[in-house]
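**Student:** Now for the letters of each chain:
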Amino acid sequence: MTRDVMTELSQDNPAPEATIARLDRRHLDSIRTATLAVQPTPSSARGGRWLRLTPRGVVAGSLALALAGGGVAYAAARQGWFATGGGAADGLSCVSEWADPTTTVLESTGGPWLTGDPIADCQRYQQLNDLPLLEDPVAFRYGTPQVYVAPRNQVPADADVLASGIEDAAVFELYQSVWDTVSGLGAQCYDAAEAPIAAQAELDRLGLADWTVQVEQRPADKQAGPCAAIRFAVDPIVEGGMAQGPGVTTLVVTPDSHDDRTDLSGAERWVTQLRDALETQVSDGCVALDQAEAIALVALGEHSAPVTPIVDNAASCSRAYLLPGGNAEITLYGPRSSQP
Amino acid sequence: MSSPEERFNELFEQTHQALLGYAVRRVADPADAADVVAETFLVAWRRIDEVPTAAEAKPWMFGVARNVLANYYRGERRRHALDGRLRDQLTTELARPAPTHLSLALAMDQLPQGDRELLRLVAWEGLARDEIAMVLRVPRATVRVRLHRARKRLLTLLEDVEAEADGGRPPIPELVLPTPRALTTPMVRRAEEIS
Numbered sequence: 001m002t003r004d005v006m007t008e009l010s011q012d013n014p015a016p017e018a019t020i021a022r023l024d025r026r027h028l029d030s031i032r033t034a035t036l037a038v039q040p041t042p043s044s045a046r047g048g049r050w051l052r053l054t055p056r057g058v059v060a061g062s063l064a065l066a067l068a069g070g071g072v073a074y075a076a077a078r079q080g081w082f083a084t085g086g087g088a089a090d091g092l093s094c095v096s097e098w099a100d101p102t103t104t105v106l107e108s109t110g111g112p113w114l115t116g117d118p119i120a121d122c123q124r125y126q127q128l129n130d131l132p133l134l135e136d137p138v139a140f141r142y143g144t145p146q147v148y149v150a151p152r153n154q155v156p157a158d159a160d161v162l163a164s165g166i167e168d169a170a171v172f173e174l175y176q177s178v179w180d181t182v183s184g185l186g187a188q189c190y191d192a193a194e195a196p197i198a199a200q201a202e203l204d205r206l207g208l209a210d211w212t213v214q215v216e217q218r219p220a221d222k223q224a225g226p227c228a229a230i231r232f233a234v235d236p237i238v239e240g241g242m243a244q245g246p247g248v249t250t251l252v253v254t255p256d257s258h259d260d261r262t263d264l265s266g267a268e269r270w271v272t273q274l275r276d277a278l279e280t281q282v283s284d285g286c287v288a289l290d291q292a293e294a295i296a297l298v299a300l301g302e303h304s305a306p307v308t309p310i311v312d313n314a315a316s317c318s319r320a321y322l323l324p325g326g327n328a329e330i331t332l333y334g335p336r337s338s339q340p
Numbered sequence: 001m002s003s004p005e006e007r008f009n010e011l012f013e014q015t016h017q018a019l020l021g022y023a024v025r026r027v028a029d030p031a032d033a034a035d036v037v038a039e040t041f042l043v044a045w046r047r048i049d050e051v052p053t054a055a056e057a058k059p060w061m062f063g064v065a066r067n068v069l070a071n072y073y074r075g076e077r078r079r080h081a082l083d084g085r086l087r088d089q090l091t092t093e094l095a096r097p098a099p100t101h102l103s104l105a106l107a108m109d110q111l112p113q114g115d116r117e118l119l120r121l122v123a124w125e126g127l128a129r130d131e132i133a134m135v136l137r138v139p140r141a142t143v144r145v146r147l148h149r150a151r152k153r154l155l156t157l158l159e160d161v162e163a164e165a166d167g168g169r170p171p172i173p174e175l176v177l178p179t180p181r182a183l184t185t186p187m188v189r190r191a192e193e194i195s
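So the sequences go chain by chain: A and B. Here the first sequence stands for residues 1 to 340, where the numbers follow the numbering used here. Here the second sequence stands for residues 1 to 195, where the numbers follow the numbering used here.
Keep in mind that the hints were calculated from the coordinates and are not lab data. Here the structure is a predicted model, which is why all the values come from computation and not from measurement. Here a beta-carbon is modelled for each residue, glycine too, at the ideal position from N, C-alpha and C. Warning: the hint list may mix true and false statements.
To be verified - To give an idea of the interface, some chain B residues facing chain A are shown, with a C-beta separation under 10 Å as derived from the structure:
hint, residue
1, 6
2, 24
3, 34
4, 46
5, 158
So that you can see chain A by itself, here it is in the shape it has in the complex (with noise of 0.2 Å):
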């Protein structure tokens, strides 16, 4: 008689369903709690498809506004937890010797996009781990919204090349500003007439010009907040700026149909301290980005997560966008120095 390992190997399951089924489930519904508390991105907004076998030439450049160079080696020692391991399922890995990673895991650096451009962030993530710039990188997609930079001789032949990342710098912030809890467009409670010239002076702040906003009817299907959605008609992250077509470059405003998410209900504690301090400290404080990132790593205490200067001389003060829901992601723009 054979015998039946599968049968010895299920009663061995260090967690049975029945252990499972025992957890408190009000602790549970904290997590369907903070995953409501974020926009979601319909797919059937997005149009047009990553490009395929067209790698990029260069590194992209056009980002208007350069990474903040200093403070490497300590945002390093304090964010290496996350830089460390390559990114989410819509983040980035940055990989110098590729291999397929539904069979193997590849070792890679890489966490969530920084900057809007996978080639910059991932030579960002590379200088984190004091490991060589990729030569050649080229960034591309396998199968998922996980997107993968690598030398250009080591991108598999079946890949969607991504032929741009978000090249255009404002869009990356637009980005930040929809999804922020600090002071941007995410964090404010706008009325039906709020909203749309909130959403238009966020475009116009930022040089958008060939943006549209666009007022859709909440659904009467679609549950009633206090607060307009103000969302993307097609998400930059996951689409990686590479849709096509109409509705592209729109943000969709929605009235009536949002959750105040100013209270950051279901986010721990640190969570809203650190949100507080950046809004008091770096948004209301008027402060150089040095002074601002000092800023968020003291009110990050001993939490990690990402946080990204990017200089942006033509400001006087310092902005801030924190972005919970994944991981709290922390984007600072600014001048070197304060201006007078």
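Once you have looked at the hints, place chain B on chain A.
**Tutor:** Coordinates of chain B only, in the frame set by chain A:
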């Protein structure tokens, strides 16, 4: 047609327990499973229009969780801003027990990672062959063949381990038991098969 929120709530009801179990069985610290599950649901919420309905939802979610876990294994700990009580509860109530079947644990540990995961998807997650094919993104026939071979390899290894034990030889020294394995390599990662 239901709203995205309703579809997400339905998905959550349908899959959260299975996903949590899947994650708990594959992470070093049970508390980390909360982050894996939260990350998986965040991806699903952002792509809610693409989540299949009915029976295909669970293997689709397992496929997402598998990607999330791959990143976790690489050392990325994508910490979510969750209620700390969930982590506490996972830590206290799901403290990992020692394997009850030591020979089987040792044999499993000697299997290639791909075989191990395949066998666990059947034995621990209770997935059918076509569901596993969705999770691993391979043809169903491939699952059948791989499963047949993995089961045979496990049986052979198990018999070897038991024979060694019967012969009075000590178990393989320094062998890491199958739960958790090689999850704490934040700076030095090695290529490891996962399917």
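**Student:** Now, for every hint given, state plainly whether the structure supports it.
**Tutor:** Going through the hints against the structure:
no.	hint	result
1	6	holds (8 Å)
2	24	holds (5 Å)
3	34	holds (7 Å)
4	46	holds (5 Å)
5	158	holds (6 Å)
Of the numbered hints listed earlier, not one is contradicted by the structure.
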